[in-house]
Amino acid sequence: MTTTQTRIPPTELTGVFGAVVKVAAKRMIGRVPDSMGVLAHHPALMRASMGIGRKIEALDELDENLASYAVMATAAYIGCSWCLDFNYYKTHNEGLDEEKARQVPVWREASVFTPVERQVMEYAEAMSQTPPSVTDELSASLLDALGPAALIELTAKVAFMNMSSRMNVALGIHSEGYADACEMRPLATRADVAADVVGSAS
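Counting with my numbering, you get residues 1 to 202 for the letters of the sequence shown.
It should be emphasised that the hints constitute simulated quantities derived from the structure, not laboratory data.
There's no promise every hint is true.
[As the list claims (entries may be wrong)] Below are the EDC-like pairs computed for lysine to aspartate or glutamate, each with C-alpha atoms no more than 16 Å apart in a straight line: (1) K100 to E64; (2) K100 to D63; (3) K90 to D63; (4) K90 to E57; (5) K100 to E117; (6) K90 to E64; (7) K100 to D192; (8) K90 to D180.
Keep in mind that this is a model prediction, so the values were computed, not measured.
Using the sequences and the accompanying hints, generate a full structural model.
Shown next, in the form of structure tokens:
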């Protein structure tokens with residue numbers, strides 16, 4: 001395991017379930033992340049969380065890129081660097097639009113997103129506020145653009161990312177550098193957007 005400053009020290013994954021998780025993690029990302037080591041203190045909770053996570057991720061009514069932008073916008077809004085880094089890495093691993101994904105943290109300033117993509121991220125942020133601030137107008141617009149099944153799926157994916165992000169932030173689980181390991185471009189900042197605007201104007 002890598003060393004991170006989690007609030008609960010990671011422990012070893014043991015037993016049959018632990019062995020399966022280790023194999024799956026190493027196949028997917030090359031190693032066992034510290035986040036799994038933290039959750040390994042409560043195997044039943046880790047099993048339940050991973051199970052529902054896999055089921056929600058497997059749903060396919062919502063466009064994959066839209067789903068990616070939604071969960072990344074949620075993670076960025078809440079401040080979960082682990083979730084943001086991991087889901088950015090997944091865009092590379094799953095052949096999604098990396099260039100757009102890297103600009104999700106600054107989506108309000110970036111010019112690359114379509115109106116529907118922007119509404120999806122606005123919805124994700126509105127859901128993530130306390131209390132949630134989703135409006136009838138935004139929901140109706142997305143219902144018209146996506147259809148009922150995709151909107152329900154979007155809502156479920158954002159809700160699950162809220163749970164994961166808030167748990168990770170509370171437990172002190174931080175980014176483990178998955179995107180860096182793949183030599184992906186760093187996630188965009190507001191300074192990058194400003195530089196692009198200046199460059200295009202000159």
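Q. Under the criterion that the straight-line Cα-Cα distance not exceed 16 Å, is the pair K90, E64 satisfied?
A. It holds: about 11 Å lies between the C-alpha atoms, which stays within 16 Å.
Q) Given the hinted pair K100 and D63, is their alpha-carbon gap at most 16 Å? A) holds, 14 Å
**Q.** K90 paired with D63 [C-alpha distance capped at 16 Å]
**A.** Answer holds: K90 to D63 is near 15 Å, not above 16 Å.
Q.
Given the hinted pair K100 and D192, is their Cα-Cα distance within 16 Å?
A. holds, 13 Å
Q. Is the hinted pair K90 and D180 satisfied, with a Cα-Cα distance of at most 16 Å?
A. Within the cut-off at roughly 12 Å; holds.
Q. Is the Cα-Cα distance between K100 and E64 16 Å or less?
A. Holds, because 13 Å separates the two Cα atoms, which is no more than 16 Å.
Q | Pair hint outcome, K100 versus E117 [Cα-Cα no greater than 16 Å] | A | Holds. K100 to E117 sits at ~10 Å (cutoff 16 Å).
(Q) Run the distance test for K90 versus E57: straight-line Cα separation, threshold 16 Å. (A) holds, 12 Å
Consistency with the previously given hints is maintained throughout, with no hint failing.
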